[in-house]
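Q: Here is how the chains run, residue by residue.
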Amino acid sequence: MNHQPFEEWLLADEPPAGEQALELREHLRDCPRCRELEASWTGVHKLFQTSEQIAPTPGFSSRWQTRLHAQQEQAFIRRHHRQPWLLFALNFVIAAALLVLLSLQLWRTFHSTDQLLLVKAFFLSIILTIADLSQDILTAFIQVVERFPVLLWVSLLGLSGFLGSLWITVGRQLVSTRRITL
Amino acid sequence: MNTAGKDHREPEWLAQAIKGNAEAFTNLVELYQRPVFNLCYRMLGDPDEAEDAAQETFLRAYNGLKRYDAQRSFSTWLLSIAAHFCIDQMRRRHFTLLSMDTLPYLDPPDMSPGPETALSLGEEQRRVRVLLGSLNAVDRAAVVMRYWYELSYEEIAESLSLTVSAVKSRLHRARLEMADNWMIQNKQLLPVERRQHESPAF
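So the sequence lines, in the order shown, correspond to chains A and B.
When you read off a place in the first sequence, starting at 1, and then add 153, the result is the number in this note's numbering.
When you read off a place in the second sequence, starting at 1, and then add 20, the result is the number in this note's numbering.
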């Protein structure tokens, strides 16, 4: 026997009407299983209808307020703890940006290394040329001085000594404060 | 909907609460504590867990007030939050294999019946708990919303993120399961009652 439509009618919100109601009544007379289902569902339905809503224990809203305050406090603490991390992150981002800029600058420099080396080589060659010329001049001077006699050497030394002491005396006279006597 | 405590000041409190007035929201908590707690209790079967779930429901509602659609009933929105929270709790609890039969139950605190009535009320609550305990989380939420809050199929569907036909089929399946469970309970109770009425053997 197919119980499907009868089960649906028995468990529906509204009881069947008209021909369906007659059909169901006839079926219930012959079918003990559906009769049992009808009795059981009627019992469940009555139980639900008589079962009241259950209230929480007194003080529910004040407990809720306490909980809300605790949650808000926790949120505040979390925010407070997050601030140093945010600051650190900000600094990190700025440092990273600066690093990128510096890298770009360096990259440009490295990109023109050849020119940089050419300039350095040019300066080095000038220094070497000057040193070479100085050495030539010094050699020529020494060769000339070697030919002078001893008397000339002594006379030159005496002259240079005299000129040196004269220069020191004149310098002292010019630098020292004058004494004015009336 | 049967929320047992509609107040004409509700729209005013709601408007103030949306602006961030916690005191106004506390009035809404006062107003809806019973339906929300009842739903949580019917879903979870434990007063402590129900208290926790109801508190969490109100916290979530308070934090999510800006997302509340004023076109929708506030109580249905609250019940929807509570139902979803309880469904999640039950799914989590499912892994601990906790049986509903081992859980304590709460007598209605605002009724003051005599000892016999209290006993029958306790028995009534136990039977409700066992019946609901035989259902899965979503079916249980649909049954509670239908029979304790008289929500329409459309409202249940919206609250539980289901289609109307899914709600109908879930409710049909739940009714059948509960009717079967009722039959089993009655068969188990019958021998006990018979034994109680038998004369003691001396």
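Misleading hints may appear alongside valid ones.
What the hints assert, rightly or not - BS3-like mimics (lysine-lysine), calculated; alpha carbons at most 27 Å apart, straight line:
# : chain 1 : residue 1 : chain 2 : residue 2
1 : B       : Lys188    : A       : Lys199
2 : A       : Lys199    : B       : Lys207
3 : B       : Lys39     : B       : Lys86
Claimed, not checked - Computed footprint of chain A on chain B, listed as stretches where at least three residues anywhere in the stretch have a Cβ under 8 Å from a Cβ of chain A:
# : region
4 : 31-39
5 : 89-100
6 : 195-203
Treat the hints as calculated values from the structure; they're not laboratory data.
Ideal Cβ placement from N, Cα and C applies to all residues, glycine included.
Q: For every hint, state whether the structure bears it out.
A: Here is how each hint holds up against the structure:
| no. | hint | in the structure |
| --- | --- | --- |
| 1 | B/Lys188 / A/Lys199 | holds (20 Å) |
| 2 | A/Lys199 / B/Lys207 | holds (18 Å) |
| 3 | B/Lys39 / B/Lys86 | holds (9 Å) |
| 4 | 31-39 | violated (count 0) |
| 5 | 89-100 | violated (count 0) |
| 6 | 195-203 | holds (count 7) |
In terms of the numbered hints stated before, the structure departs from hints 4 and 5, listed from lowest to highest.
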